[in-house]
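With chain A held as given, fit chain B onto it using these hints.
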Amino acid sequence: MAEALAPDAFKQAMLARIAGKRHGDRAIVRAIFEGKATRAQIGYLGVLFYHFTKHTPQVLSTIHSRCSDRKIRRRIMDVLIDEDTELRCGSAGHDVLAMDFATRFSGLTEAEVENHALPEAIGKMIDYRYKVAREMPIAIALGNSGIAGESHFADACRLLSEGLRKHYGVKDEDQESWIVHIEGDEEHGDNAFAAVCAHATTPALQEQMFWCIDNYLMHWANFWAESEKGALAPPRRQAAE
Amino acid sequence: MSAGSSDRESGGGDTPRWLKSSKPIGPYTVFLRPLIPGESGPPRLTVCVNRRPENGISVSCGVRGGDAIAEALQREAASRGLAIEINTFRCLGMCEKGPTVRLAPGNNWFFGVKPENVAALLDAALAHFGLPPRG
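Respectively, the protein sequence lines represent chains A and B.
So that you can map any letter, position 3 of the first sequence is 3 in the working numbering, and since no number is skipped, the others follow by simple counting.
So that you can map any letter, position 64 of the second sequence is 64 in the working numbering, and since no number is skipped, the others follow by simple counting.
If you're looking for bench data, these hints aren't it; they were derived computationally from the structure.
Since this is a predicted model, take the numbers as computed values, not measurements.
Among the hints, erroneous ones may be present.
Some chain A residues close to chain B (C-beta under 10 angstroms, calculated; not the full set) [what the hints assert, rightly or not]:
(1) Arg73
(2) Glu86
(3) Arg158
(4) Glu162
(5) Glu173
For glycine and all other residues, C-beta sits at the position ideal for the given N, C-alpha and C.
Here chain A stands alone, though its shape is the one from the complex:
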């Protein structure tokens, strides 16, 4: 890329990369929405989502620790508080909410969820998140999660939540982990695009953003595909019988 794209063109180029790869497009999300997923698939999704979610505060704090702009640090801190505490968003830290869903749906204990075998793809996804947080420019690292990960997550959560309620009898209070991510406006995603467009103004930065979008979407595709396998370990007490 010889010249940097203008902000509007850059945003459109990012959106084009996401098109067709949104979380809500994934087969397992649609299957849950339509009541076609098995309980093992959903339980396994819960386990994998917990293991994804529990790293988010450390990924965020890694970016925070590298950021020299106090205004951006403050925004990261707000998100960190959302994710890791009950003070701003959700009645508990998001890992706690994810664990709550995983245990309730799968019947596993917290220890069983915590120690559940993870596929290689999820390990690679987690490694990728830390790598981006450690090595990428701050705006790109934030864009990686804000644009590639979160800007279309709310729609998927809405589909999951409705499907869980309608087809699997999951009460709302038992799935706060998903409901808390359903957003009431587009502000969150818009903010991420605006921040990246404002900071990624060189061809090199824009290329890095594209690289991150492509790679994070690939990891997310693997995440959803792994969930589809439904490789949920039976509860230990059941396995012993």
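Frame of chain A; chain B shown alone:
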């Protein structure tokens, strides 16, 4: 439309100006959107009642009147003979805009609700699903 950008549009002076609304119908902010394909089911309202410590730092819908809103909604629905489902919920995740009420199915929200607004809220919710205002 960038509603909520003036007091007149938002129907009152107490709606934060930074909030945008697709359909401002009262002194609170409303986002009502079409259902996505496959989304169906009877409408239900979920009121956030999460309570956080009143420490001047954290905000929460429960402290701002979530329980009273839920009760007012239930009373209003009963007085109209409506069978609409009304639930309470720990935290809907949008605390700074609360008290928050979610209308499902769909991605529909009411922010900054007060107990005195519930009749208009119920009207809007039923109208959004093409239902009559009374049972």
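Evaluation of the provided hints:
1. For Arg73 of chain A, the interface hint is violated, since its Cβ never comes within 10 angstroms of a Cβ in chain B; the closest pair sits about 18 angstroms apart.
2. At a threshold of 10 angstroms, the smallest CB-CB gap from Glu86 of chain A to chain B is about 7 angstroms, leaving the interface hint in force.
3. Checking Arg158 of chain A against chain B by beta carbon gives a least distance of about 6 angstroms; that is within 10 angstroms, so the hint holds.
4. Taking 10 angstroms as the C-beta contact cut-off toward chain B, the hint placing Glu162 of chain A at the interface holds, the least distance being around 6 angstroms.
5. At about 6 angstroms, the closest approach between the beta carbon of Glu173 of chain A and any beta carbon in chain B falls short of 10 angstroms, and the interface hint on this residue holds.
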